[in-house]
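Combine both chains into one complex, guided by the hints.
The primary structure of each chain is shown beneath.
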Amino acid sequence: GDSVVQTEGQVLPSEGDSLIVNCSYETTQYPSLFWYVQYPGEGPQLHLKAMKANDKGRNKGFEAMYRKETTSFHLEKDSVQESDSAVYFCALIDTGRRALTFGSGTRLQVQP
Amino acid sequence: GAGVSQSPSNKVTEKGKDVELRCDPISGHTALYWYRQSLGQGLEFLIYFQGNSAPDKSGLPSDRFSAERTGGSVSTLTIQRTQQEDSAVYLCASSLGGPTDTQYFGPGTRLTVL
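One line per chain: the protein sequences are A and B, in this order. Residues 1 to 112 (our numbering) make up the first sequence, in order. Residues 1001 to 1114 (our numbering) make up the second sequence, in order.
Hints are computed from structural coordinates only; laboratory data are not their basis. Note that the coordinates shown come from a computational prediction; the quantities given were computed from them, not determined experimentally. Just so you know, even glycine gets a beta-carbon here, dropped at the ideal spot from N, CA and C. Some clues are possibly wrong.
[Said to hold, decoys possible] Computed footprint of chain B on chain A; a stretch qualifies when at least three of its residues, placed anywhere within it, have a C-beta under 8 angstroms from a C-beta of chain B: (1) 42-53; (2) 102-112.
[Claimed, not checked] If we take Cβ atoms under 8 angstroms as the criterion, some of the chain B residues that face chain A in the derived model are: (3) T1100; (4) Q1103; (5) G1106.
Just chain B, with the same shape it has in the complex (with noise of 0.2 angstroms):
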């Protein structure tokens, strides 16, 4: 079946410009999430949704960040007044639900700020 979709694949922004980054998961996962993987940093956790709440918004780095999702289903992360820090791939995740169900990811966006 289909797995975790993103868009876009690539995008190149202007520091100060806001940039929207969306996730589709896959059919009837109820959890969402979103990660960053950058060369200092590694892999870190953002956010999680579970339905179309976000119970655990710990990960978000600054008020900037922020994310929603609509309808149980694609998600959307959005970045506002964008650093050059700011560059790295963000991941989506779905999975079913469970605690330790597992998190399949998307392909990611590569975000680069200039």
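Isolated chain A (complex conformation) (with noise of 0.2 angstroms):
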């Protein structure tokens, strides 16, 4: 079936500091790649989604790149912001399916 793995339960970056959250996923079709975010209390909420291999996803200074070649959809984003804490889910989406299958979550909590 399909899979995604976050390799990162949690990243404590400093505020300015630069940003990679690991993406991987398996899946025998051709998935659509979503980053959903999470803040307490709420439901998670879409944060950038890509289509096809070689898209983009970007929102608020983040990007992620849907490489087909590596099966990758690693967050980045050069400087962060405590605004930018909250846990972050890689999903992805197959052919033929409506039901997100989701990453464990990696939780960023940027420090002042």
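What follows is the structure, given as structure tokens:
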């Protein structure tokens, strides 16, 4: 079946640091890829998405490139802010399905 | 506009009791999804509705779990004979219905089974 792997459970950068949050996926089809962000007490909300290989999703200074050759969709930002602190989930929707398959999440806690 | 709403926000029940969780999707959204979020299992898909029919029920963990949707709008997730492992946050999402249309999530119902 489909799977999404996020290797970091938590990252603790300082404000102004660059960020990479890793995401790898496994599927037999041609998925669409997503990053969702979740704040305390709320449901996840879409952060950015990429529909096909070599697409780049962008939002609020974050970027993620859909790399089919390495089956990856890493989330990157040049300079993180304290307000970016949240839990970030990588997810996919496989061809012919509607269900999101989520990774285990990465808690981003930006230090002031 | 109004987002996805869920009720109750919190539910505490005793093992063996039945519970009903409600979801009100965004008006005009034809697709509705239920997910479960727990510490051990992360975010898991349960069931997907398109209109009032459920073409994908593959995530329901057992026959104690069922869901219905009426009038193409409100949905109810029912858990019968609750077990402690059912404790989780149950999240509802809705979308316009296309394969990759954005799924908008509600705040969830936190279920605690004692």
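We went through each hint and held it up to the structure:
1. 42-53: Held - the region 42-53 of chain A has 7 residues with a Cβ nearer than 8 angstroms to chain B, which meets the minimum of three.
2. 102-112: holds (count 4)
3. T1100: 5 angstroms, holds
4. Q1103: Since chain A brings a Cβ to about 6 angstroms from Q1103/B, closer than 8 angstroms, the hint holds.
5. G1106: 5 angstroms, holds
No hint from the list above goes unmet by this structure.
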